[in-house]
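Novice: Residue numbers (my numbering): 4 to 397.
Capping the alpha-carbon separation at 30 Å, the derived lysine-lysine pairs in DSSO-like fashion look like this:
1) K204 / K43
2) K232 / K218
3) K238 / K107
4) K214 / K123
5) K376 / K346
6) K238 / K291
7) K291 / K346
8) K204 / K214
9) K123 / K107
10) K218 / K238
11) K214 / K73
12) K204 / K59
13) K291 / K376
14) K43 / K59
15) K107 / K346
16) K214 / K232
Label pairs and their in silico Cβ distance ranges:
17) K43 / P96: 56 to 62 Å
18) P385 / A211: 41 to 47 Å
19) D236 / G100: 24 to 30 Å
20) S39 / P94: 49 to 55 Å
Just so you know, these hints were derived from the structure itself, not from any lab.
A virtual CB, placed ideally from N, CA and C, is assigned to each residue, including glycine.
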Amino acid sequence: MKTVSLKKEQSQMNSSEIFARQVFALSPAILERAYSAYHKGDQIRSDILEDVAGFKRLRDYQPESVAIDKLTIPPGGGIHDYYSQAPYWFPDPALPGGLPYIRKDGEFNPEAVSESSDHKKMNRMISNIYAFSVLFFFTRNDDAAAKAAELLRHWFLNPGTAMNPHLNFGQAIPGINTGRDAGIIETHIFIQVIDAMTMLKDSSHWTASDKDGMKSWMTSYLDWLRQSKIGHDEKNAPNNHGIWYIALAMKLAAWCRLDAIVEEYIAQARARISIQICADGSIPEELKRTQSWGYSIFCISAFLAAATIAQEYGADLFNYQTGDGAGIRRSVDFLSGFASGVKPWTFPEIYAFAPEKLNPVLYIAALNCRDDKYLHILEALPAYDDMAGTLFFR
4 MKTVSLKKEQ SQMNSSEIFA RQVFALSPAI LERAYSAYHK GDQIRSDILE DVAGFKRLRD
64 YQPESVAIDK LTIPPGGGIH DYYSQAPYWF PDPALPGGLP YIRKDGEFNP EAVSESSDHK
124 KMNRMISNIY AFSVLFFFTR NDDAAAKAAE LLRHWFLNPG TAMNPHLNFG QAIPGINTGR
184 DAGIIETHIF IQVIDAMTML KDSSHWTASD KDGMKSWMTS YLDWLRQSKI GHDEKNAPNN
244 HGIWYIALAM KLAAWCRLDA IVEEYIAQAR ARISIQICAD GSIPEELKRT QSWGYSIFCI
304 SAFLAAATIA QEYGADLFNY QTGDGAGIRR SVDFLSGFAS GVKPWTFPEI YAFAPEKLNP
364 VLYIAALNCR DDKYLHILEA LPAYDDMAGT LFFR
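Working from the sequences, and respecting the hints, build out all of it.
Specialist: Structure representation (structure tokens):
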């Protein structure tokens, strides 16, 4: 199976470009399997961890905050309120001042991906929290655990720097709104935060007080997701946003030990299969997008995350099928046919078709569906430098 070493790229890359690439949910069984493989001498995992430890930008990284050096304070909000701008919306050249903005699906407005948004800060922070937690989990590097704990406190707990537990001002569209339901997708990486805290659980640097503080923060955020109009609208989104909401809420509830709520979201995830996935495995809402390949993978990744969490509660969503045969596995098979080159991808795609983007999905499917055909497909695909997918699911 092809792999990529990133040592030669350390001067250009940092952990946030690796661990933020795709988000997966971990479980105790997945963590135990990966830990065991590393300590039995798995060379690929050893090389990846050596690469991560060698990133100069990771070693030198200083904590960031929504409240410090904030360039945009949302209308009606404060410095502790997370703010971001909708990425695919641009000034209307036909109107004075460009307002209201107009949508260009798949095209990134430089304003939205600039430092005026809190999105890039949060991605960097969480990716680095994850990287330091990974280093501690596998190698028991005490300094890495201390750094991960420091970053967690800085973003979530310290009164002077903490983010408020809501997303009222996420993905604002100038001239239209000051925040919207679609912004919630930016916090699907909180799944990584919870997995990072799990990896830190044996560290003396991650204290009982820290755990209680994070439980309170995550419970408050879950309450906001469930009770706000923005959260309600996002849950009902018919595309990847809806299933990512469910996966995130399920993970939050599981970590906060709210089992009845977890069961509620397992049922919703099961229902989502019939809503979003067709009998042939396609996901029509994503095939309409200008980046149909990437969005199809993004959507099935959310289903896989939900299935991983549900598995801990005795529910097998990986192999669940509706009456007409729709299911997560059928969707992976649908995408596999294009990745392997059996069929050409003829759906809208404004960027180059990259079959290797499916690699992490195939790793997860091979592990949970216990089917080597996914490994055989992987053998023929180009390498994909996704460290998390390789570390935990290979």
